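Take the given structure of chain P and dock chains A, X and V to it, following the hints.
Number of protein chains: 4
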Amino acid sequence: MVEGDFKKDMSRRRSGAKGTTPRSEPDVPQILSGVFNDKTTGSPVTLLIPNTNVKSEDYSNLARQPRPGHADFVAYKKYRGFNDYRGGGHFSGRLTAALVAAGVVAKKILGEHISIQAKLIEAGGSRNIEKSIEKAVKDHDSVGGVVECIVQNLPVGLGEPFFDAVESVLSHIIFSIPAIKGIEFGSGFRAATMKGSEHNDMILDESGRTATNHAGGINGGITNGNELVLRVAVKPPSSIGKKQKTLNLDSGQVEELEVKGRHDACIALRVPVVLEAATAIALADLLLIHKSQEI
Amino acid sequence: MVEGDFKKDMSRRRSGAKGTTPRSEPDVPQILSGVFNDKTTGSPVTLLIPNTNVKSEDYSNLARQPRPGHADFVAYKKYRGFNDYRGGGHFSGRLTAALVAAGVVAKKILGEHISIQAKLIEAGGSRNIEKSIEKAVKDHDSVGGVVECIVQNLPVGLGEPFFDAVESVLSHIIFSIPAIKGIEFGSGFRAATMKGSEHNDMILDESGRTATNHAGGINGGITNGNELVLRVAVKPPSSIGKKQKTLNLDSGQVEELEVKGRHDACIALRVPVVLEAATAIALADLLLIHKSQEI
Amino acid sequence: MVEGDFKKDMSRRRSGAKGTTPRSEPDVPQILSGVFNDKTTGSPVTLLIPNTNVKSEDYSNLARQPRPGHADFVAYKKYRGFNDYRGGGHFSGRLTAALVAAGVVAKKILGEHISIQAKLIEAGGSRNIEKSIEKAVKDHDSVGGVVECIVQNLPVGLGEPFFDAVESVLSHIIFSIPAIKGIEFGSGFRAATMKGSEHNDMILDESGRTATNHAGGINGGITNGNELVLRVAVKPPSSIGKKQKTLNLDSGQVEELEVKGRHDACIALRVPVVLEAATAIALADLLLIHKSQEI
Amino acid sequence: MVEGDFKKDMSRRRSGAKGTTPRSEPDVPQILSGVFNDKTTGSPVTLLIPNTNVKSEDYSNLARQPRPGHADFVAYKKYRGFNDYRGGGHFSGRLTAALVAAGVVAKKILGEHISIQAKLIEAGGSRNIEKSIEKAVKDHDSVGGVVECIVQNLPVGLGEPFFDAVESVLSHIIFSIPAIKGIEFGSGFRAATMKGSEHNDMILDESGRTATNHAGGINGGITNGNELVLRVAVKPPSSIGKKQKTLNLDSGQVEELEVKGRHDACIALRVPVVLEAATAIALADLLLIHKSQEI
Chain P
1 MVEGDFKKDM SRRRSGAKGT TPRSEPDVPQ ILSGVFNDKT TGSPVTLLIP NTNVKSEDYS
61 NLARQPRPGH ADFVAYKKYR GFNDYRGGGH FSGRLTAALV AAGVVAKKIL GEHISIQAKL
121 IEAGGSRNIE KSIEKAVKDH DSVGGVVECI VQNLPVGLGE PFFDAVESVL SHIIFSIPAI
181 KGIEFGSGFR AATMKGSEHN DMILDESGRT ATNHAGGING GITNGNELVL RVAVKPPSSI
241 GKKQKTLNLD SGQVEELEVK GRHDACIALR VPVVLEAATA IALADLLLIH KSQEI
Chain A
296 MVEGDFKKDM SRRRSGAKGT TPRSEPDVPQ ILSGVFNDKT TGSPVTLLIP NTNVKSEDYS
356 NLARQPRPGH ADFVAYKKYR GFNDYRGGGH FSGRLTAALV AAGVVAKKIL GEHISIQAKL
416 IEAGGSRNIE KSIEKAVKDH DSVGGVVECI VQNLPVGLGE PFFDAVESVL SHIIFSIPAI
476 KGIEFGSGFR AATMKGSEHN DMILDESGRT ATNHAGGING GITNGNELVL RVAVKPPSSI
536 GKKQKTLNLD SGQVEELEVK GRHDACIALR VPVVLEAATA IALADLLLIH KSQEI
Chain X
591 MVEGDFKKDM SRRRSGAKGT TPRSEPDVPQ ILSGVFNDKT TGSPVTLLIP NTNVKSEDYS
651 NLARQPRPGH ADFVAYKKYR GFNDYRGGGH FSGRLTAALV AAGVVAKKIL GEHISIQAKL
711 IEAGGSRNIE KSIEKAVKDH DSVGGVVECI VQNLPVGLGE PFFDAVESVL SHIIFSIPAI
771 KGIEFGSGFR AATMKGSEHN DMILDESGRT ATNHAGGING GITNGNELVL RVAVKPPSSI
831 GKKQKTLNLD SGQVEELEVK GRHDACIALR VPVVLEAATA IALADLLLIH KSQEI
Chain V
886 MVEGDFKKDM SRRRSGAKGT TPRSEPDVPQ ILSGVFNDKT TGSPVTLLIP NTNVKSEDYS
946 NLARQPRPGH ADFVAYKKYR GFNDYRGGGH FSGRLTAALV AAGVVAKKIL GEHISIQAKL
1006 IEAGGSRNIE KSIEKAVKDH DSVGGVVECI VQNLPVGLGE PFFDAVESVL SHIIFSIPAI
1066 KGIEFGSGFR AATMKGSEHN DMILDESGRT ATNHAGGING GITNGNELVL RVAVKPPSSI
1126 GKKQKTLNLD SGQVEELEVK GRHDACIALR VPVVLEAATA IALADLLLIH KSQEI
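Chains as they are written, first to last, in the numbering used here: chain P, 1 to 295; chain A, 296 to 590; chain X, 591 to 885; chain V, 886 to 1180.
Okay, chain P solo, but in the shape it has when bound (with noise of 0.2 Å):
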């Protein structure tokens, strides 16, 4: 069951982007540890996802001029020179995929009756999405995107504030996904705009239950038992078909660069699977702190 769970996922994560990239990732994973006549064994589990589409030549000019938007340069400094230009390492958006893995685990955690739903809900700016991600195929350009993660029925009471709230827990592993560069919760930039009288949501019984959810499920660091809402914002990739221009660390000049290989036109498309799963192990983390302190 766990072995099919991995695999579902996985593909999940892998088509995507379908039709919007010519990267072919078959990410059947190999279970190495951990796992024993279809369960978990208590033993950490190890998955192996060979990459089976690797063509270094595509990289090769990479190793002296830094792609904007990519970690190519901070990498280069960090690592004085020792980073592999090749890509891959932990930089790479395959590394998800161990993220969805994991949230495999932590949605067996959680159990069948928490819900984790994200989707795409924007892209280019625009609800018409489709359109927008064929534009930026046909103009060799790429788009970012929006993706909201709902979470039903958790129970009241997960988060460990004062440093451990729900929101920071889960920003902080979400932040690890590739490309996302904004987080918010409920009302999120919109209950800056608000008023105390308009946000505040009115309780309705002792379930927690509230008439409205601009607080998107959490007071005071601590889930009140009504939907988690959050949203991220997805930035546009980095890798696009149309040359640019950037810094040559030889000659010291900026000089044009054309990125070679595959590019996704929105990794956007990608992202509900992959922020599922962090949402999970965020939860699934907390959930299991909430369980020791039940008497």
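Worth flagging that the hints you see were computed from the coordinates, not collected in a lab.
It is possible that some hints are incorrect.
Simulated restraints, written as ranges between beta carbons of each label pair [to be verified]:
{"id": "1", "chain 1": "X", "residue 1": "Lys597", "chain 2": "V", "residue 2": "Arg1147", "range": "54 to 62 Å"}
{"id": "2", "chain 1": "A", "residue 1": "Asp300", "chain 2": "P", "residue 2": "Ser251", "range": "45 to 53 Å"}
{"id": "3", "chain 1": "X", "residue 1": "Gly594", "chain 2": "P", "residue 2": "Gln30", "range": "29 to 37 Å"}
{"id": "4", "chain 1": "X", "residue 1": "Glu848", "chain 2": "A", "residue 2": "Gln412", "range": "52 to 60 Å"}
Derived pair list, reagent style DSS-like, types lysine-lysine, alpha-carbon separation capped at 25 Å [to be verified]:
{"id": "5", "chain 1": "A", "residue 1": "Lys433", "chain 2": "A", "residue 2": "Lys414"}
{"id": "6", "chain 1": "A", "residue 1": "Lys555", "chain 2": "A", "residue 2": "Lys537"}
{"id": "7", "chain 1": "P", "residue 1": "Lys243", "chain 2": "A", "residue 2": "Lys490"}
{"id": "8", "chain 1": "V", "residue 1": "Lys1080", "chain 2": "X", "residue 2": "Lys832"}
{"id": "9", "chain 1": "A", "residue 1": "Lys433", "chain 2": "A", "residue 2": "Lys555"}
{"id": "10", "chain 1": "P", "residue 1": "Lys195", "chain 2": "A", "residue 2": "Lys490"}
{"id": "11", "chain 1": "X", "residue 1": "Lys881", "chain 2": "P", "residue 2": "Lys291"}
{"id": "12", "chain 1": "P", "residue 1": "Lys195", "chain 2": "A", "residue 2": "Lys414"}
{"id": "13", "chain 1": "X", "residue 1": "Lys709", "chain 2": "X", "residue 2": "Lys721"}
Taking beta-carbon pairs under 8 Å as the criterion, some of the chain A residues facing chain X (in silico) [what the hints assert, rightly or not]:
{"id": "14", "residue": "Lys334"}
{"id": "15", "residue": "Ser338"}
{"id": "16", "residue": "Tyr374"}
{"id": "17", "residue": "Asn378"}
{"id": "18", "residue": "His385"}
{"id": "19", "residue": "Ser492"}
Please read all numbers here as calculations on a predicted model, not as lab measurements.
Heads up, the beta-carbon is just placed ideally off N, CA and C, and yes, glycines get one too.
Here is chains A, X and V on its own, set in the frame of chain P:
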């Protein structure tokens, strides 16, 4: 010197809301340990800021009628009725005084060269901040706001992805500040509406300086040598003079509630010095890690 | 109830060394936060134990002549001369009062069924403890000792190997207690002299009860349902009345030193209640993790 | 260079038990990530050491008859019967190969100037190690031993008390090594039998050099510039050829058990390289913290 700095930043925190709150909190910290000859000693620093302005009777009705927008209900549930309903504890906005104190030490670790400046750039949805707040005071209501924080002269290389990206570490502590409901870096949510060819920041020279700064000074979770820019959404204070409706735990009915006591019309006014402190704490941690990696 | 328990265990810590030390430390804790109606509230508990017995002049010569066996020299080096040479800080034995206070809460988490009992079983290499200490007092010298701690009625399953084995978690906090120089579990160092056929504990029934307890209640880093048994080696107090020789940082020469002030002849006398507290803290953490894993 | 060092230390681990075990484990690590041009890149290093020597049938009877001294019983209870009774997982002694691999990187962080040398100084209670082990092999039994580890040329100042004393950090990771039942620093348990006037180490000069080294190179939880000395007690291997008695979970009775498979007569022989690695990992962490504190 340390002692004077504690007093200065704590005074900034108090005076932030001057004229918009009837509270009077002298907040003069007593240094109980860790400082000798006006320098930190390497031992833990303990500051005590006695709460001189407690009026227990103000909170007496809160035991059974949780205020909307506050942590009253979740605290009651999470701590099974053992919570101190008179307020305070780790849900109190007063806890930000401790963040400010820690920020004083963190700023010394960062050094004078690195500057951190936060300011309120919008209140009640408008750049005309004073007018928005005046109206809220008059209406016995409250307003939210947006606070922007800019850090200058950070070195390239702070941040420890995969899991401790700069955005992860900053957002984790910043969401500890009460009333924060969103955070964005660089172009943030606007990045979600942009094309890659617009958003990518062209690198100009070996220092990493870029022509634009849509990334907010961060690539791949690592500082890139440009200004670090972040903005937070601050919700309107939940305590308002206006009458509200909410559950009464005794009757099980929704009833009218008048929150007595002292109210801030715009808590976002107090946020800048706290946000600077939280930012300083996170960056000081990352700077120390960075220094440890130097050969 | 909590308040009374704080006072009781702190009083045990003080009275441990009665008659062997001229110190007089009332150690009555003031509860500053986290307790309401004599129960913890879920907010952080802050206790303040003012040091009423400071005589600054006692320590005046320590600035330049580090006492042998103490942290004076390493603190001077590590903190580049900014350390508070008057003693105190995190090197002070008084910090164990805070461990004892935390232990009071930890014991409540463990519950009354689980009992933790530590006692001094040897001093100065002899089971005739009083005599050893009397001699040390007379000689203006000091002696070490061995303290044994036994925990009864722990459930099977505490401990999170690979890296958080019961022994790892316990030894980590126990070595925070000043003067501890060794720890062993079950047969400990004697196990190194045994044959497998002697050391293996035969399992008798489904509860995990074993015929012998050479393992000290732990297999594979996890509690096995038998008594948890550990022993610690406590070095003799470094402060003695006898004249000693050590470096004078001003002259660069080894010179005579007379450590004035108040000396404990056998600090191991004070260790049992502190060791119980440290043990309780570590086990309470592991018990909460264990509870979170229950379905 | 890194690749060669991985192979060298792993080979030391294997050959430790040569002649005393019928196991044959080539342990040649495959480097899956984090190394490029024979240098670490700053990305996580992944090594894969396939277990080429698994014989499932050896373990078939362990499902219902937990071996005395092993983790079989506690794993069965803790993981509610879902544990992989064939052995392996995080209870396997093979996991120490991963410690050794991590130790290779840690030693590079420490630098060549700092040397870490561990050796078996006693087996079966005797300094005549070979004889003790020969007898154990002949008797189809096993013996324990004592391993000493000495670290030279550490700087003054490593260790972060109160909670992260050198002894705390070292003992935490060292108790992860299976079969360790005790640890002591410097004179250790013998210190408990000494007088203060004997135990105190006279400081000779500004470098911190002391006339004796009863403290084992640590004062107040911080390295003092002298040799760091620690010893661990290693229990005799639990798997022995001799017949034993233990519970049968099916019958509920104590029954005879013959542990088939491959047995080490003295696992302490394999411990030195693992102990060096664990020591290196802990000290490298502390050294990086120390470096971050330099001005």
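The hints, checked one at a time:
1. For the pair Lys597 (chain X) and Arg1147 (chain V), the supplied restraint of 54 to 62 Å holds, since their beta-carbon distance comes to about 58 Å.
2. Judged by the Cβ atoms, the range 45 to 53 Å given for Asp300 (chain A) and Ser251 (chain P) holds: they are separated by roughly 46 Å.
3. About 58 Å separates the C-beta atoms of Gly594 (chain X) and Gln30 (chain P), a value inconsistent with the hinted range of 29 to 37 Å.
4. Checked against the hint of 52 to 60 Å, the pair Glu848 (chain X) and Gln412 (chain A) passes, with Cβ atoms roughly 55 Å apart.
5. Simply put, Lys433 (chain A) and Lys414 (chain A) have alpha-carbon atoms about 24 Å apart, close enough for the 25 Å limit, and the pair holds.
6. Simply put, Lys555 (chain A) and Lys537 (chain A) have alpha-carbon atoms about 10 Å apart, close enough for the 25 Å limit, and the pair holds.
7. Taken as a hint, the Lys243 (chain P) and Lys490 (chain A) pair is honoured in the structure, with Cα atoms around 14 Å apart against an allowance of 25 Å.
8. The hinted pair formed by Lys1080 (chain V) and Lys832 (chain X) meets the criterion: a straight-line CA distance of about 11 Å does not exceed 25 Å.
9. Distance hint between Lys433 (chain A) and Lys555 (chain A) is fulfilled; the C-alpha atoms sit about 16 Å from each other, no more than 25 Å.
10. Using a Cα cut-off of 25 Å, the hinted pair Lys195 (chain P) and Lys490 (chain A) is violated, with the two alpha carbons roughly 34 Å apart.
11. This hinted pair checks out: Lys881 (chain X) and Lys291 (chain P) have alpha carbons roughly 7 Å apart, not beyond 25 Å.
12. Our distance criterion of 25 Å between C-alpha atoms is met by Lys195 (chain P) and Lys414 (chain A), whose separation comes to about 20 Å.
13. For the proposed pair Lys709 (chain X) and Lys721 (chain X), the alpha carbon gap of about 17 Å is at most 25 Å, so the pair holds.
14. Interface restraint check for Lys334 (chain A): the shortest CB-CB distance to chain X comes to about 5 Å, inside 8 Å, so the restraint holds.
15. For the restraint placing Ser338 (chain A) at the interface with chain X, the shortest Cβ-Cβ distance is roughly 3 Å, inside the 8 Å limit, so the hint holds.
16. Hint status for Tyr374 (chain A) relative to chain X: holds, with the closest Cβ pair at about 4 Å, below 8 Å.
17. A distance limit of 8 Å between C-beta atoms decides the matter here; for Asn378 (chain A) the minimum to chain X is near 5 Å, and the interface restraint holds.
18. Using the Cβ-Cβ criterion of 8 Å, the hint placing His385 (chain A) at the interface with chain X is satisfied: the shortest such distance is roughly 5 Å.
19. Evaluation of the Ser492 (chain A) hint against chain X yields a violated restraint, the C-beta minimum of about 47 Å exceeding 8 Å.
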